[in-house]
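J.: Listed below are the residues making up each chain.
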Amino acid sequence: MDFSFFITQAVSGLTMATLLFLVASGLTLIFGVGNIFNFAHGSFYMIGAYLGYQLVGVWHINFWLALPLAGLGAGLLGALAEALFLRRIYGRPLEGGFQILLTYCLILIIDDLVKIVWGTEYKSIPRPHGFHGAVQFGEIYIPAYNIAIIIIGLIVVVASWWILTKTRPGKITRASAVDREMLGALGVNVPLTLTLIFGIATALGGMTGALAAPLRTVTPGAGIEVIIDSLIVVVLGGMGNFWGAWLGALLLGEVNAFAVAFVPGWATLFSYLVMVVTLIFKPEGLFAPRSVRKV
Amino acid sequence: MAGFWGGDTVAFIKQAQAYGLFKKMLYFHPDAGGNYELMSAMGSELPEGLVLSARHHCNWPDTEANRNFVNTFKKLNGRYPTYAAEGAYAGIHAIAKAVEKVGNPDDTEALVKALEGLKLQLPEDPEGFTSYIDPATHQIVQAQAIGVTAPNDKFPPAMRMLTDWKVYKAEDLLPPPEYIKMKRGS
Chain A
40 MDFSFFITQA VSGLTMATLL FLVASGLTLI FGVGNIFNFA HGSFYMIGAY
90 LGYQLVGVWH INFWLALPLA GLGAGLLGAL AEALFLRRIY GRPLEGGFQI
140 LLTYCLILII DDLVKIVWGT EYKSIPRPHG FHGAVQFGEI YIPAYNIAII
190 IIGLIVVVAS WWILTKTRPG KITRASAVDR EMLGALGVNV PLTLTLIFGI
240 ATALGGMTGA LAAPLRTVTP GAGIEVIIDS LIVVVLGGMG NFWGAWLGAL
290 LLGEVNAFAV AFVPGWATLF SYLVMVVTLI FKPEGLFAPR SVRKV
Chain B
134 MAGFWGGDTV AFIKQAQAYG LFKKMLYFHP DAGGNYELMS AMGSELPEGL
184 VLSARHHCNW PDTEANRNFV NTFKKLNGRY PTYAAEGAYA GIHAIAKAVE
234 KVGNPDDTEA LVKALEGLKL QLPEDPEGFT SYIDPATHQI VQAQAIGVTA
284 PNDKFPPAMR MLTDWKVYKA EDLLPPPEYI KMKRGS
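If you read the protein sequences in the order shown, they are chains A and B.
My numbering applies: residue 40 is where the first sequence begins, and numbers increase by one.
My numbering applies: residue 134 is where the second sequence begins, and numbers increase by one.
Just so you know, not all the hints are guaranteed correct.
[As the list claims (entries may be wrong)] Label pairs and their calculated CB-CB ranges:
id: 1; chain 1: B; residue 1: 198; chain 2: A; residue 2: 147; range: 49 to 55 Å
id: 2; chain 1: B; residue 1: 284; chain 2: A; residue 2: 107; range: 31 to 37 Å
id: 3; chain 1: A; residue 1: 231; chain 2: B; residue 2: 137; range: 42 to 48 Å
Bear in mind the hints are in silico, worked out from the structure with no lab data behind them.
Fair warning: this is a prediction, and the values are worked out from it, not measured in the lab.
Where a beta carbon is used, it is the ideal one built from N, C-alpha and C, also for glycine.
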């Protein structure tokens, strides 16, 4: 294996890792804060992709403007879903079972909604202007759009760190992961906080859908593909561990990139193998300290 | 040579283009590559020079039957047909003809006998040929055409369609009887 091949694969893995993190971080945030496993997170990713298609492909809005707009749209729908439906099952006995039922229902409804609004044919968004080609370093080809994705991922990571540690809303978010009742006693509007966090996490997922769309197809099945990978990342990083999600995504992205290069027939196996090994030996997550730390 | 289907084809072509794959090698994708869905999804993003084929083409053969089918479908549905649509059309016709021949839709064995060797005049049949169901393998026997993507805006929203057709006669594509026997282990 030569050096250029190694770099190409590593960058490809990093691109996948960035997309995985952007989706899984929302999922793990919702779990850490609200104790909800949002099975339907992938569907909001898919809504983001379709909104991206509508904005860029149909209304011809600038791609970079469409990204946050698609995220906003998905986030609003997510916040609505939380306020109207999920809120009703908090604190019920057997809440876990209801969560799965409810979020799975949302998946089915959203999947068909998308087919009704946009039809069943595949849609495609081209890469934005200026990002069609690749940057070449000798033998190494790095597609320009992949670099854009990686940079956006880094921006989100840094911005999240700053918001979560330095700002009041960020601290409230972390507090609600630790002790919701106490937070309420301190005068914070907890239901509103949960809705907002759900909305923001979903918006992130939706924006990722639009961001990934030029690399993939916009199709009704997109949500299901993403939720499984996100689940692996969340397990690797620890349920509710925001930074774990980043490291978990990195691990999964690179394991996948190199498995595909060296043992292509077994590549899918390796992804799940990593998850199974983690669940057996360190179920709280690879990167969690002894006591489970959230966010 | 690729064997993708549907959305995976779109994703692959987009990603491969970024890595310059099509400059380095020829891309050949029979059976599902030339699906109209791919061309309508990608529009002008689809590169030229890809060697593709499909089970039905909107623009081949240029017979009245095919043109009729494609235009009627467009009128009824607002879009041009994919090969899946045409396949469904062929399937329904086969079932209808078999049931018409037998008279009783519940008599499975009689329907099987009726379908064996059944001749169906389908939109994808070139001039002078009729599709039929091979009694030995129960597969439909058809001519195939492989083409290359080139600019063509007669079937919007697709901006590329296939051209430079190479046609393969149905008789040349039948598996030889010894091969069938070997595969069935008898």
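J.: Next step is simple, just say for each hint if it's right about the structure.
T.: Each hint, compared with the structure:
Checked against the hint of 49 to 55 Å, the pair residue 198 of chain B and residue 147 of chain A fails, with Cβ atoms roughly 40 Å apart. A hinted range of 31 to 37 Å for the beta carbons of residue 284 of chain B and residue 107 of chain A is consistent with their spacing of about 35 Å. In this structure the hint that residue 231 of chain A and residue 137 of chain B lie 42 to 48 Å apart at CB holds, the actual value being about 46 Å.
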